[in-house]
Amino acid sequence: MTNSINYNSFPDKKGHFGIYGGFFVAETLMPLILKVADAYEKATKDPSFQEEIDYYFKHYVGRPSPLYFAKRLTEKCGGAKIYLKREDLNHTGAHKINNSIGQILLAKRMGKKRIIAETGAGQHGVAVATVCALFDMQCVIFMGAVDIERQKPNVFRMKLLGAEVRPSKSGSATLKDAINDAMRDWVANVDDTYYMFGTAAGPHPFPMMVRDFHTVIGREVKQQIIEQENKLPDVLVACVGGGSNAIGLFRPFLNNKEIKMIGVEAAGKGLETGLHSAPLNDGSAGILHGSRTYIMQDDDGQIKNAHSISAGLNYPGIGAEHSWLKDIERAEYVAVKDDEALKTFSEVTRLEGILPALESCHAVSHAMKIAKNMTSDKIIVVNLSGRGDKDVDTVAKFMGVDL
Amino acid sequence: MTNSINYNSFPDKKGHFGIYGGFFVAETLMPLILKVADAYEKATKDPSFQEEIDYYFKHYVGRPSPLYFAKRLTEKCGGAKIYLKREDLNHTGAHKINNSIGQILLAKRMGKKRIIAETGAGQHGVAVATVCALFDMQCVIFMGAVDIERQKPNVFRMKLLGAEVRPSKSGSATLKDAINDAMRDWVANVDDTYYMFGTAAGPHPFPMMVRDFHTVIGREVKQQIIEQENKLPDVLVACVGGGSNAIGLFRPFLNNKEIKMIGVEAAGKGLETGLHSAPLNDGSAGILHGSRTYIMQDDDGQIKNAHSISAGLNYPGIGAEHSWLKDIERAEYVAVKDDEALKTFSEVTRLEGILPALESCHAVSHAMKIAKNMTSDKIIVVNLSGRGDKDVDTVAKFMGVDL
Amino acid sequence: MTERIKNRFEALKKEGRSGLITFTTAGDPDFETSLEILKSLPKAGADLIELGIPFSDPIADGKAIQEASQRALKAGMNVKRVLDMVSIFRENDKETPIILMGYYNPVYKYGVDAFAKDAAKAGVDGLIIVDVPPEEADELLIPLKKNNLDMIFLATQTTDDERLPKVLKNAGGFIYYVSIAGITGAASASEDAIKTAVKRLRKYTKLPIAVDFDIKTPKQVKAVANLADAIVVGSAIVKIIEDSKELSKQEIVGKVLEFVKTLAIDKK
Amino acid sequence: MTERIKNRFEALKKEGRSGLITFTTAGDPDFETSLEILKSLPKAGADLIELGIPFSDPIADGKAIQEASQRALKAGMNVKRVLDMVSIFRENDKETPIILMGYYNPVYKYGVDAFAKDAAKAGVDGLIIVDVPPEEADELLIPLKKNNLDMIFLATQTTDDERLPKVLKNAGGFIYYVSIAGITGAASASEDAIKTAVKRLRKYTKLPIAVDFDIKTPKQVKAVANLADAIVVGSAIVKIIEDSKELSKQEIVGKVLEFVKTLAIDKK
Ligand SMILES: Cc1ncc(COP(=O)(O)O)c(C=O)c1O
Ligand SMILES: Cc1ncc(COP(=O)(O)O)c(C=O)c1O
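Going down the list, the sequences are from chains A, B, C and D. The working numbering puts the first residue of the first sequence at 36, with every later residue one more than the last. The working numbering puts the first residue of the second sequence at 36, with every later residue one more than the last. The working numbering puts the first residue of the third sequence at 1477, with every later residue one more than the last. The working numbering puts the first residue of the fourth sequence at 1477, with every later residue one more than the last.
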């Protein structure tokens, strides 16, 4: 079945990827969501929209990001060639900015003056605060009170950029609660406010739109790997929190059916412990944050708290497209544990002089596992979704180093 | 006189720029220095050396860095167009990596196995530790004990990258003392050790070599501004600590005599207070760290301690080429105070969504001052030498925010 | 369409007055107290009863109802026990309509078919699933219809004339008009705004119209009762439970009923 | 070439023994103590005296001499006072050669011409400027020559055969051979290594050869005295001053001289 699908025709008009996706939001939100979907559709038909995006990608974000052959990592594994897509070199230090640039340009077209967003580790929050500064918009970032406590430098970066950071105190006081609060705010401030969702999850059109803004990752990889290797890669690997960096890498290759794609979830303390962030590995279909998708839930359909050493993966849901790709077996989803990710952090740092985000370490870790068992003519492209400077405190704490 | 000079022919064989530069080092060091000069000369004659550099610049550092038209900053000033050269987007977050890539490739050619370097804020130290990881070399970074205390995250980054960080406790326990100690180490470990100097100062061939590795900045600007504006800039502005990012920007334009260049020193608490890092503005010719150049000294020729809110500018000397450019009036050198730089930090952050390094803020601050008084057909290119994430703590402290 | 909702609105019409719909979260602060409140609500003046199915992530709700959900979950509430509670209530009250209100995931997890069957059996009359708009409702409508349960839809300020027919197309029971911009417990709309809104809805539907506008005082009930066919009071009741942490079950039940009594709607 | 250095080496030759060159930093720990030490050194056995001009950033020196510089500067030492100190010394000692050793910047700041003139006038015989290698020495050589001062150059392990002639070309007084790899106070070279080095130097120059190899004990002096024309003892003396912080001036002077006496070199 997988072979006959044209992936470019998904989602359908209502945002469905097979049974997943859709708009599962309250009526209070529906008109807003439909307006965004409508505005986005119009924008994609206007060539100047993509031109504007491209302008900021090149001159502001610093795109294209390099596709870097990780020689020492490859040698260490002794198998397939490992390439790293260097999204860590983007302005603000992660892939997140691709999406923020796209959405702020949309919000501008819609005449919005106030931007709200959720953030977990603060990476999306910083990216949003950044584009709000650049486009002179009011900016309110919702962030779990617990996350605020453990990500202070990012909180201060957001404040410096002129954003207001509002603590979400309900529930687990982490990312999912920040999303809840942001949606509540949106409903209450219909007229002037745009909700800039930070990953390829949530209600339609976010999974599609966020994905589209990130496909620049995969498009660049396609061109770069041809330049460097004169052929396409054999395997693509990316970490999945909400799934935006992964789908951005995968999407331009989905129709190349011979290319394998692997999404790497956070196994936290181990899938068997339940303390993880791996809905695709240890979750089931459900409805969360506006979308039908795999989620972490108990027998009664209550959402479980997610656990991961990397705040950016710490989410009990996942973008709908990934749920679909899993079910139709177009992509494979595995999980990597906290301690494996930390080990990989050291390895990448020591071998390549690159401090990877802990999120990205999950992807590299799995790539290293499979590279070993592949022949040296094979190519793996791993998305290095962000830089690890933000994680130095976490790693130090783990290693028992006092900063 | 200035008009008849071909700047490309400087320095002479012995590293002199007019009366400045040279090799003022102990005999114990001379043979080493001469070997480096010799190896560098050979390398520049081998096309594969530049090819290797270009490879890492493109695939690892992420070059070219964008030349970004700062629209809102320009509008705020209401005069000349301000462009920012985005060295902050380089791998490790500053221009420093250009030099480290060049020198590690040289050290490799020389068969060295151990790299030493000094660092102030830790930016050069991180860049050196990075390339040492990448090229599998032993790495020892000398850093003032005082600087270690105030730049802990960078210290930990270096350690994660596998470097040993050795505290310099003598003198003011800051950058200049770290240089002293690094030179002492070099003399004691002649055979296997390469000293990777971090700025375009010190004994010949460092001022020339470090400059050469950074000229990529100016070369890119030349091409980029032609692409975007179809003409060359009118004014170039860069901050000067040791002077490497400034000379990297200036050098490819020096023979374009109509282009004005301005180096911006750190005026600290004010030139009149003596608490600054501005040898070109309030210093005099002298000999420090192997070179004749402007330095901060007392009547007895003792070196004064430098002061600046930005650790990267906190140095009582300056690269010899700048001393020469000042004397022959090819470049102008001004100074910007701590509080002006901090104000500019906020302005650039709020207007452009870019957190600039406090070092770079000095340059932007001056550019904003002069842009006002220029017509809108004029172009200023400012080198944004690094990102300001490293400075968030300092700024927070200054603003009285508790992180 | 079940008969209880229809009958109740017809009776209210005959009496010449609007109905009072109370909202409480099932299991808040615990099963027994919540059941006790439920049982006494009709006598205190509730004409229809809305019972919340607690959910961990109630996106459309404000602080008061979020916390009610948390209390209920903490006390061990789940979907099955919500239905149990309705069953017990139905042992003594065959007339008062009960509408379950909740989020889709617990229902989805339970299984929509099983849920519809069990809910009908327990004596539920209608269902409001906050995060299932008409666009996604098909999968619910069929099993509900099969079990004679009404699917009640929300209409809001922002549901414009173009969108209204879509919302109303499959609506059953009554129209639940959310007059406040934002989440439950947020700022109230003006009387005038409500009047206009109800008038607009009237143009499109013959179904009774219930207005939720976050009433906090009996005075407010009096002021707006006549503007619609029914008035919903939710956060204000839930807040009483929240504020009664230190009290005994009996005292909590008493306080809630005392408050509901002050809301009871008289003839126009 | 001034006469004092030449004469002293000739005298030593006649006596059939190597000379002892002591190093102390001028003004360490203060002007008076330092002067007192200086005055007594010849009697204690110093054949030539090396006097350090304190500098804030003594790159070629180890911890002991760095700290000596710091102490001297703190006590108000400067170039002019170094020359004053030599003047006072010369009032009573017209024979013992004095070599100033320092870094270029304080001399440069003083003005090279003025410095050469004033140094000669004060009774200085030679100059070692650590950070001025032969490549940069021209600007110093001319004014020094004009004032009959020797410019003494360093040779090291790493100064290879190709480079040696360059070092020796303008060398005056004697050759200062730094036998240790690294900074002052670092690990000592072996006797054999010194023997080989001196032999090599001999091939290129007729000037006397002084060896600095960080001698710490009288036993070491005995062991190597005959390998060269003179032996330099520096850090070991300076360390005595460092370790005498609590003592009176008189006691410090006494301790230093006592140590120097144990070093004094006898006939071969
Ligand atoms: C560096 C980085 N990588 C990955 C993620 C996960 O998000 P997504 O799965 O949407 O790419 C985050 C989220 O904050 C991130 O910061
Ligand atoms: C970001 C940045 N800019 C500028 C400087 C100053 O150095 P230079 O004058 O050599 O460019 C530094 C030094 O650490 C730096 O980190």
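What the hints contain is simulated information worked out from the structure, not anything from laboratory work. The structure presented is a predicted model; accordingly, all values stated were derived computationally and were not measured. Glycine included, C-beta positions come from ideal geometry on N, C-alpha and C. Please note that a few of the clues may not be correct.
Heads up, incomplete: computed chain D residues facing chain B, CB under 7 Å, no partners named [stated by the list, open to error]:
no., residue
1, Ser1532
2, Val1606
3, Glu1611
4, Glu1612
With a Cα cut of at most 20 Å, we get these calculated EDC-like pairs of lysine to aspartate or glutamate [what the hints assert, rightly or not]:
no., chain 1, residue 1, chain 2, residue 2
5, B, Lys143, A, Glu262
6, D, Lys1621, D, Asp1637
7, A, Lys432, B, Glu184
8, D, Lys1556, B, Asp220
9, A, Lys48, A, Glu86
10, A, Lys194, B, Glu382
11, B, Lys194, A, Glu382
12, D, Lys1593, B, Asp73
13, B, Lys339, D, Asp1719
14, D, Lys1539, B, Asp227
15, A, Lys432, A, Glu382
16, B, Lys106, A, Asp89
17, D, Lys1642, B, Glu184
18, A, Lys378, A, Asp428
19, A, Lys93, B, Glu262
20, A, Lys48, C, Glu1638
21, A, Lys106, B, Glu86
22, A, Lys70, C, Glu1611
23, A, Lys49, C, Asp1614
24, A, Lys70, C, Glu1638
25, B, Lys204, D, Asp1614
26, B, Lys48, D, Asp1719
27, D, Lys1550, B, Asp334
28, B, Lys93, A, Glu86
29, A, Lys187, B, Asp428
30, B, Lys48, D, Glu1615
31, A, Lys70, C, Asp1636
32, A, Lys194, B, Asp428
33, B, Lys106, A, Asp73
Counterexamples of contact, computed for chain B against chain D with all Cβ distances above 10 Å [said to hold, decoys possible]:
no., residue
34, Glu76
35, Lys106
36, Pro287
37, Arg327
38, Lys361
39, Arg365
40, Asp428
Verification of the hints:
no. : hint                  : in the structure
1   : Ser1532               : holds, 4 Å
2   : Val1606               : holds, 5 Å
3   : Glu1611               : holds, 6 Å
4   : Glu1612               : holds, 5 Å
5   : B:Lys143 x A:Glu262   : violated, 27 Å
6   : D:Lys1621 x D:Asp1637 : violated, 26 Å
7   : A:Lys432 x B:Glu184   : holds, 18 Å
8   : D:Lys1556 x B:Asp220  : violated, 32 Å
9   : A:Lys48 x A:Glu86     : violated, 24 Å
10  : A:Lys194 x B:Glu382   : holds, 13 Å
11  : B:Lys194 x A:Glu382   : holds, 13 Å
12  : D:Lys1593 x B:Asp73   : violated, 38 Å
13  : B:Lys339 x D:Asp1719  : violated, 27 Å
14  : D:Lys1539 x B:Asp227  : violated, 23 Å
15  : A:Lys432 x A:Glu382   : holds, 18 Å
16  : B:Lys106 x A:Asp89    : holds, 17 Å
17  : D:Lys1642 x B:Glu184  : violated, 45 Å
18  : A:Lys378 x A:Asp428   : holds, 15 Å
19  : A:Lys93 x B:Glu262    : holds, 13 Å
20  : A:Lys48 x C:Glu1638   : holds, 18 Å
21  : A:Lys106 x B:Glu86    : holds, 17 Å
22  : A:Lys70 x C:Glu1611   : holds, 15 Å
23  : A:Lys49 x C:Asp1614   : holds, 13 Å
24  : A:Lys70 x C:Glu1638   : holds, 13 Å
25  : B:Lys204 x D:Asp1614  : violated, 35 Å
26  : B:Lys48 x D:Asp1719   : violated, 46 Å
27  : D:Lys1550 x B:Asp334  : holds, 15 Å
28  : B:Lys93 x A:Glu86     : violated, 24 Å
29  : A:Lys187 x B:Asp428   : holds, 10 Å
30  : B:Lys48 x D:Glu1615   : holds, 18 Å
31  : A:Lys70 x C:Asp1636   : holds, 12 Å
32  : A:Lys194 x B:Asp428   : holds, 13 Å
33  : B:Lys106 x A:Asp73    : violated, 30 Å
34  : Glu76                 : holds, 16 Å
35  : Lys106                : holds, 46 Å
36  : Pro287                : holds, 29 Å
37  : Arg327                : violated, 8 Å
38  : Lys361                : holds, 18 Å
39  : Arg365                : holds, 24 Å
40  : Asp428                : holds, 29 Å
In this structure, the earlier hints numbered 5, 6, 8, 9, 12, 13, 14, 17, 25, 26, 28, 33 and 37 are contradicted, and the remaining ones agree with it.
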